[in-house]
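Please construct the entire structure, taking both the sequences and the accompanying hints into account.
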Amino acid sequence: MPKLNELTITAAHEGLKQKEFSSEELTRACLSRIAEVDGKIGAFLTVLDKEAIAQAKAVDKNIKAGLIPGPLEGIPVALKDNMLVQGVKCTASSRILENYVAAYDATVVTKLKRAGAVILGKTNNDEFAMGSSGENSAFKVTKNPHDPERVPGGSSAGSAAAVAAHETIYALGSDTGGSIRQPAALCGVVGLKPTYGSVSRYGLIAMSSGLDIIGPLTKTVEDARIVFDAIRGKDPMDATTVELRESGIMNYESGVGLKDVRIGVPKEYFIDGMDKETEARVREGIAQLKKLGAQIVEISLPYSPYALAVYYILMPAEVSANLARYDGIRYGYSELVHSPQSSVHSLLELYEKSRSEGFGDEPKRRIMIGTYVLSAGYADAYYKKAQAVRTLVKRDFDEAFLKVDCIATPTTPTPAWLIGEKMDDPLSMYLADIYTVSANIAGIPGISVPCGKAQGLPVGLQILAPQLREDVVFRVAGAYEQSRTNF
Amino acid sequence: MALTKAEVLHIAKLARLELKEEEVEKFRTQLSEILEYVGQLQKVDTAGIEPISQITGLQNVVREDLVRGCEPDVRDAMLEQFPKRRGDLLETLGVFE
Numbered sequence: 001m002p003k004l005n006e007l008t009i010t011a012a013h014e015g016l017k018q019k020e021f022s023s024e025e026l027t028r029a030c031l032s033r034i035a036e037v038d039g040k041i042g043a044f045l046t047v048l049d050k051e052a053i054a055q056a057k058a059v060d061k062n063i064k065a066g067l068i069p070g071p072l073e074g075i076p077v078a079l080k081d082n083m084l085v086q087g088v089k090c091t092a093s094s095r096i097l098e099n100y101v102a103a104y105d106a107t108v109v110t111k112l113k114r115a116g117a118v119i120l121g122k123t124n125n126d127e128f129a130m131g132s133s134g135e136n137s138a139f140k141v142t143k144n145p146h147d148p149e150r151v152p153g154g155s156s157a158g159s160a161a162a163v164a165a166h167e168t169i170y171a172l173g174s175d176t177g178g179s180i181r182q183p184a185a186l187c188g189v190v191g192l193k194p195t196y197g198s199v200s201r202y203g204l205i206a207m208s209s210g211l212d213i214i215g216p217l218t219k220t221v222e223d224a225r226i227v228f229d230a231i232r233g234k235d236p237m238d239a240t241t242v243e244l245r246e247s248g249i250m251n252y253e254s255g256v257g258l259k260d261v262r263i264g265v266p267k268e269y270f271i272d273g274m275d276k277e278t279e280a281r282v283r284e285g286i287a288q289l290k291k292l293g294a295q296i297v298e299i300s301l302p303y304s305p306y307a308l309a310v311y312y313i314l315m316p317a318e319v320s321a322n323l324a325r326y327d328g329i330r331y332g333y334s335e336l337v338h339s340p341q342s343s344v345h346s347l348l349e350l351y352e353k354s355r356s357e358g359f360g361d362e363p364k365r366r367i368m369i370g371t372y373v374l375s376a377g378y379a380d381a382y383y384k385k386a387q388a389v390r391t392l393v394k395r396d397f398d399e400a401f402l403k404v405d406c407i408a409t410p411t412t413p414t415p416a417w418l419i420g421e422k423m424d425d426p427l428s429m430y431l432a433d434i435y436t437v438s439a440n441i442a443g444i445p446g447i448s449v450p451c452g453k454a455q456g457l458p459v460g461l462q463i464l465a466p467q468l469r470e471d472v473v474f475r476v477a478g479a480y481e482q483s484r485t486n487f
Numbered sequence: 001m002a003l004t005k006a007e008v009l010h011i012a013k014l015a016r017l018e019l020k021e022e023e024v025e026k027f028r029t030q031l032s033e034i035l036e037y038v039g040q041l042q043k044v045d046t047a048g049i050e051p052i053s054q055i056t057g058l059q060n061v062v063r064e065d066l067v068r069g070c071e072p073d074v075r076d077a078m079l080e081q082f083p084k085r086r087g088d089l090l091e092t093l094g095v096f097e
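The listed protein sequences derive, respectively, from chains A and B.
Residue numbering for the first sequence is 1 to 487, as defined by my numbering.
Residue numbering for the second sequence is 1 to 97, as defined by my numbering.
Worth flagging that the hints you see were computed from the coordinates, not collected in a lab.
It should be emphasised that the depicted structure is a prediction, and the values quoted were computed from it without experimental measurement.
Built from N, CA and C at the ideal position, the CB exists for glycine as well.
Treat the hints loosely; a few may be bogus.
Claimed, not checked - If you want the footprint, here are the derived chain B segments under chain A, 3+ residues with CB under 8 Å:
1) 9 to 18
2) 23 to 36
3) 40 to 53
4) 58 to 66
5) 81 to 93
Said to hold, decoys possible - Example chain B residues on the side facing chain A (calculated, C-beta under 10 Å, incomplete):
6) CYS70
7) GLU71
8) ASP73
9) VAL74
10) ALA77
11) MET78
Unchecked claim - Heads up, simulated BS3-like pairs for lysine-lysine below, C-alpha to C-alpha not over 27 Å straight-line:
12) A/LYS140 with B/LYS26
13) A/LYS50 with A/LYS111
14) A/LYS113 with A/LYS234
15) A/LYS394 with B/LYS26
16) B/LYS20 with A/LYS384
Below you can see the structure in the form of structure tokens.
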């Protein structure tokens, strides 16, 4: 029997239901693991020991009284530090929110609390979820549990590392251009980016509102399905939310294989410069899908090479608008408090000094790019152009999904790189998202599932499906995962 | 697409960011590289292509314009976040100098 903190959601739930162990024991196992390894891993910014134990005890009392626990009841979870939990610090790993305490719960947090979840704490990420390595955090650098000299990926760096290091049973992250799937791949865990709008963004610190989505990082595909089912749904507090059709939440049946499934493999996703071992693992993964009965079809997504450029116009444009709220007046870092009154003489100076002190380099870069592409004389050439190419990227997928049920690709072009390797070259860091970003541009769901190792480091296989067809993602990734564990 | 130093300073001003002298050249180089990369979109023919602004196709999601209060503890927690306050009022600098 594995240690309690190493259990999946499914196994932990079964153990709680059968009264093999208590939620308090399960929670304490995770907390001890955090105490033991997080000094080295650096996944957590805030650990809520007392609150977690109190919640676990409350669940145990109910179970003792004869209540059958729900699927997430009494099970520990870690949250990326860009989701609000009432009364708990929420920093987005930025100095500008270093002392910000959330006044209310995000919708996903409300849903998890109602489901009886035990919130262990808040995890480190690239500042305002901007980055692909976790290194852009203002507070600490999270290490990859498979090799502490390497990055865990990002931006949901701490969430991925915490799951991989068994500091939590599962975690939530957010994905704007790959920030769940990419660190999941680099840390060897499962990461789901749901359909845009299928999970409420209310209480998620906004980065790029037309692309941001919350999703789970878990140890298995089935766990990702359980968490997604608990957090999805229309929310009056987020006007962009959509309801899934019933087919979108059906469980896949295990054992039936993938006989009637057509899987597309886009030739544009196997580019020169891709790590050869990574490519080999992904190709083996696709061969395995074929063995399970799926029909493999070579497809073309001709506009997908432009998706990253579309992203680096639309996203910064939204960033520049969303981050305008950090003004040094209403909340967050303020020069009014931090410097003697005499040094700030005007509102303009207050804005400029508070923002320049509070933001790190990556938010500054993106705010400036966004400001530029939206400014008079450039908006048509950049912003409108990117929105039009977005249409072409989406059409690529629409046409492909007439021929295939889902698409299989690598999640990343390489395994985890060394800490510091890409920090002076923002553009090379951006290229780490080249395979994940088009799902955000097209609004479709995608999952990364472990498919072996390259240079001793985890590699991820990505499965993409049409909007609202998470059921296809779960079925294909689930069948693949089962065939690997039965292997 | 190489930006000039003056352009970087102008963008920073529009973005309400104050750059240190040594930051200007660093950002000038980095932003120029990023703009050069995204400039590849100019090669794409988008004549007659409708731009997308909402990816799942939602349009005009409206609600009634009602004022709803919030819980007193939520209100207090929000007031607590003011960098400077007088009672329940937010304190800041004047708009006019």
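Status of each hint after checking the structure:
1. 9 to 18: Holds: 7 residues of the region 9 to 18 of chain B have a Cβ under 8 Å from chain A.
2. 23 to 36: holds (count 6)
3. 40 to 53: Answer holds; 10 residues pass the 8 Å Cβ test.
4. 58 to 66: holds (count 3)
5. 81 to 93: holds (count 8)
6. CYS70: Holds: closest Cβ of chain A sits about 8 Å from B/CYS70, inside 10 Å.
7. GLU71: Holds. Min distance 8 Å.
8. ASP73: holds, 8 Å
9. VAL74: Holds, about 5 Å.
10. ALA77: Holds: closest Cβ of chain A sits about 4 Å from B/ALA77, inside 10 Å.
11. MET78: Holds, about 5 Å.
12. A/LYS140 with B/LYS26: holds, 23 Å
13. A/LYS50 with A/LYS111: holds, 21 Å
14. A/LYS113 with A/LYS234: holds, 17 Å
15. A/LYS394 with B/LYS26: Measuring from Cα to Cα gives roughly 35 Å; hence the hint is violated.
16. B/LYS20 with A/LYS384: violated, 32 Å
Comparing the model with each earlier hint shows violations of hints 15 and 16; every other hint is respected.
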